[in-house]
Amino acid sequence: MKMRSSKTLVFYPGTNKVTACNFLTRSVFDCSPEVIGLLASWDEWASTAEIARAHGWSKSDLNAVVPQLLDFSALVTAGSPLAEQETQFSGQWSWGIPTALMHFCVQDSEFMTIEQAEARQIERAGHVAQPDLMLKNAAGAIRLPNALDDNELLSLMARRRTNRTAAAPTITAKQLSDCLFAGMGITGETSNCVGALPLGMTPSGGARNPYEAYVVALGVEGLDPGVYHYSAADHDLGRIPANHLPKISELVGGQEWADTMPCLILLCARLDRTMWKYEDANAYRVVLIEAGHIGQNMMLAATRHGLSACPTAALSHSAIKRLLGLDRLTDAPVYALTLSTPEPSPHSAGQSIN
265 MKMRSSKTLV
275 FYPGTNKVTA
285 CNFLTRSVFD
295 CSPEVIGLLA
305 SWDEWASTAE
315 IARAHGWSKS
325 DLNAVVPQLL
335 DFSALVTAGS
345 PLAEQETQFS
355 GQWSWGIPTA
365 LMHFCVQDSE
375 FMTIEQAEAR
385 QIERAGHVAQ
395 PDLMLKNAAG
405 AIRLPNALDD
415 NELLSLMARR
425 RTNRTAAAPT
435 ITAKQLSDCL
445 FAGMGITGET
455 SNCVGALPLG
465 MTPSGGARNP
475 YEAYVVALGV
485 EGLDPGVYHY
495 SAADHDLGRI
505 PANHLPKISE
515 LVGGQEWADT
525 MPCLILLCAR
535 LDRTMWKYED
545 ANAYRVVLIE
555 AGHIGQNMML
565 AATRHGLSAC
575 PTAALSHSAI
585 KRLLGLDRLT
595 DAPVYALTLS
605 TPEPSPHSAG
615 QSIN
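Whatever position you read off the sequence shown (first residue = 1), add 264 for my numbering.
Source of the hints: derived by calculation from the structure; they are not laboratory data. Worth double-checking, as some hints may not be accurate.
[Unchecked claim] Taking lysine to any residue and the SDA-like style, the derived pairs with C-alpha atoms no more than 25 Å apart in a straight line are: (1) K438 <-> P462; (2) K271 <-> G355; (3) K585 <-> S441; (4) K438 <-> P510; (5) K511 <-> S495; (6) K271 <-> A313; (7) K266 <-> I315; (8) K541 <-> G556; (9) K271 <-> I315; (10) K585 <-> E374; (11) K585 <-> D595; (12) K271 <-> R317; (13) K541 <-> S495; (14) K271 <-> T289; (15) K281 <-> S291; (16) K266 <-> V292; (17) K585 <-> D372; (18) K438 <-> E476; (19) K281 <-> F293; (20) K266 <-> S344; (21) K266 <-> D325; (22) K400 <-> A389; (23) K438 <-> G449; (24) K271 <-> V282; (25) K271 <-> T312; (26) K271 <-> E350; (27) K281 <-> W321; (28) K585 <-> T377.
Start from the sequences, fold in the hints, and give me the full structure.
Here's what the structure looks like:
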């Protein structure tokens, strides 16, 4: 059986140890200088016997350490899914190792429940002072006109709240349509030196339009329960075949409140669209920022309809990609929000990041 060391390993020193991380598999482990030497020498496909002969390791020592290195994905077997994943990475990723380390290591994170998060905040507040959440100017600062006076747009924006309790099991197709168009709709076209570029209602770096929107519709009037792709080009929904229609909580880190929601919108980046133009890894930040632009427009359209749109970054990335059939390494779920008619509650605003 041919093996080699992984091409997606990063090492960093600690106290009396070296810690290694395979960012594609999110495997983190400690290793000795001898193991680092072994991995450095095993950089081409070779069998255990070939490595023993070439580098002076005994077969018994190798047989003791190789299974662990395979478990940690420090070693990769020829023809394995991980080997294919590394091939995709080398062929598709152009934003360097530091950006890849951040991007892949936050996939499929484990999330705390609301109760666990609140308990941790209470415990931390007992011995660590909170930083100021707002900064005020000194006396004598220039007072600006009241922004909400006779301003319909800002009054709408001021009504936006995140409410995680649904008062009705359905929303209308018109409500969903307006939210999708507000965030993703194409309103025109421009061009540059290499061709046509779409224009929408949110800014996009280089007009590269890296996002696609998908809808998990459980209670949308006029839509059969299912998974849909929103085409911004034609403002329509295409049904995606799905063997299993999951609970929404299965897609958003186990957040059970989401299971009462009639609809989930998923924003998935096609990173290669932005990579094609921008080789600088700073463009990764631009893609993430764009999700916020799109989400905010969707939330304002929801507010206009009397809905609450609940955004979340607690994503079950692998489950989302399987559901949507996204198998490329550069396809990345980034942002999600639910839509519902809110249940009025004086405490709803305090249940999430607003």
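- Task: Please flag the earlier hints that this structure goes against, numbers listed from lowest up.
- Result: none
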